[in-house]
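Asker: Protein sequence lines correspond, in order, to chains A and B. Number 1506 marks the last residue of the first sequence (this note's numbering); no jumps. Number 1506 marks the last residue of the second sequence (this note's numbering); no jumps.
It is possible that some hints are incorrect.
Claimed, not checked - Result set (EDC-like, lysine to aspartate or glutamate): computed pairs, CA atoms no more than 20 Å apart in a straight line:
no.	chain 1	residue 1	chain 2	residue 2
1	A	1465	B	1472
2	B	1470	B	1440
3	A	1470	B	1502
4	B	1470	A	1488
5	A	1435	B	1484
6	A	1444	B	1440
7	B	1465	A	1440
8	A	1470	B	1440
9	A	1444	B	1460
10	A	1470	B	1472
11	B	1470	A	1440
12	B	1470	A	1504
13	B	1444	A	1451
14	A	1470	A	1460
15	B	1435	B	1451
16	A	1444	B	1451
17	B	1435	A	1468
18	B	1444	A	1488
For the record, the hints were derived by calculation from the structure and aren't laboratory data.
Single-letter residue listing:
There are 2 protein chains.
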Amino acid sequence: MAMTARIWVTLKSGVLDPQGKAIAGALDSLGFSGVEDVRQGKYLEVKLDAPDEAQARQDVERMCEELLANTVIETYRFELEQA
Amino acid sequence: MAMTARIWVTLKSGVLDPQGKAIAGALDSLGFSGVEDVRQGKYLEVKLDAPDEAQARQDVERMCEELLANTVIETYRFELEQA
């Protein structure tokens, strides 16, 4: 079964986000004075083939745990849909 | 009005994604043989203050056009909600 996983990997709250801070600073210097905070994370789309949705869900969970997210400082969530 | 913008910045289709290719290769070497393709993009959460939603929408559009997305090779979309 061909499926697409949409995965969000974001920093856990409380973890400093230097990239987000840099973007917020750049936005401010471009004149966006209303910006209060910026958090940047990763968004991935993975096309995968799996026997069924349950197996696909397990595979994506393991992909996140083993490679896509540094679970010490990052958290992840994903959505699965048939391609 | 305090608002939160959720922004996705992704490569336009047809644009080579070396990062995605590297991730696909790493997943394959970890034993995820069912992975066909991986595309990686940016996901940002921006907390901003604006007089109203229309102004917030304009501001976020401009943020994407001027800084957050390289519109030659990337496309963006966003959702706005009251914080």
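Asker: Are the Cα positions of residue 1470 of chain B and residue 1440 of chain A separated by 20 Å at most?
Answerer: Holds - the C-alpha atoms of residue 1440 of chain A and residue 1470 of chain B are around 14 Å apart, at most 20 Å.
Asker: Within a Cα-Cα threshold of 20 Å, do residue 1470 of chain A and residue 1460 of chain A meet the stated pairing?
Answerer: Since the Cα atoms of residue 1470 of chain A and residue 1460 of chain A sit roughly 32 Å apart, the hinted pair is violated (cutoff 20 Å).
Asker: Are the Cα positions of residue 1444 of chain B and residue 1488 of chain A separated by 20 Å at most?
Answerer: holds (19 Å)
Asker: Decide if the proposed pair is consistent with the structure: residue 1444 of chain A and residue 1460 of chain B, CA atoms, cutoff 20 Å inclusive.
Answerer: Violated - the C-alpha atoms of residue 1460 of chain B and residue 1444 of chain A are around 31 Å apart, more than 20 Å.
Asker: Taken at face value, is the distance from the CA of residue 1451 of chain A to the CA of residue 1444 of chain B at most 20 Å?
Answerer: violated (34 Å)
Asker: Between residue 1444 of chain A and residue 1440 of chain B, does the CA-CA distance stay at or below 20 Å?
Answerer: violated (26 Å)
Asker: Would the pair residue 1465 of chain A and residue 1472 of chain B pass a check requiring their Cα atoms to be no farther apart than 20 Å?
Answerer: violated (24 Å)
Asker: Please verify whether residue 1435 of chain B and residue 1468 of chain A have alpha carbons no more than 20 Å apart.
Answerer: Measuring from Cα to Cα gives roughly 13 Å; hence the hint holds.
Asker: Below or equal to 20 Å on CA atoms is what counts here, so check residue 1444 of chain A against residue 1451 of chain B.
Answerer: At roughly 34 Å apart (the allowed maximum being 20 Å), residue 1451 of chain B and residue 1444 of chain A break the hint.
Asker: Run the distance test for residue 1435 of chain A versus residue 1484 of chain B: straight-line Cα separation, threshold 20 Å.
Answerer: Roughly 26 Å between the alpha carbons, so the hint for residue 1435 of chain A and residue 1484 of chain B is violated.
Asker: Run the distance test for residue 1470 of chain A versus residue 1472 of chain B: straight-line Cα separation, threshold 20 Å.
Answerer: This hinted pair is violated, its Cα atoms lying about 37 Å apart.
Asker: Keeping to a limit of 20 Å between CA atoms, is the pair of residue 1465 of chain B and residue 1440 of chain A held or broken?
Answerer: Measuring from Cα to Cα gives roughly 14 Å; hence the hint holds.
Checked against the numbered hints above, the structure violates hints 1, 2, 3, 4, 5, 6, 9, 10, 12, 13, 14, 15 and 16; every other hint is satisfied.
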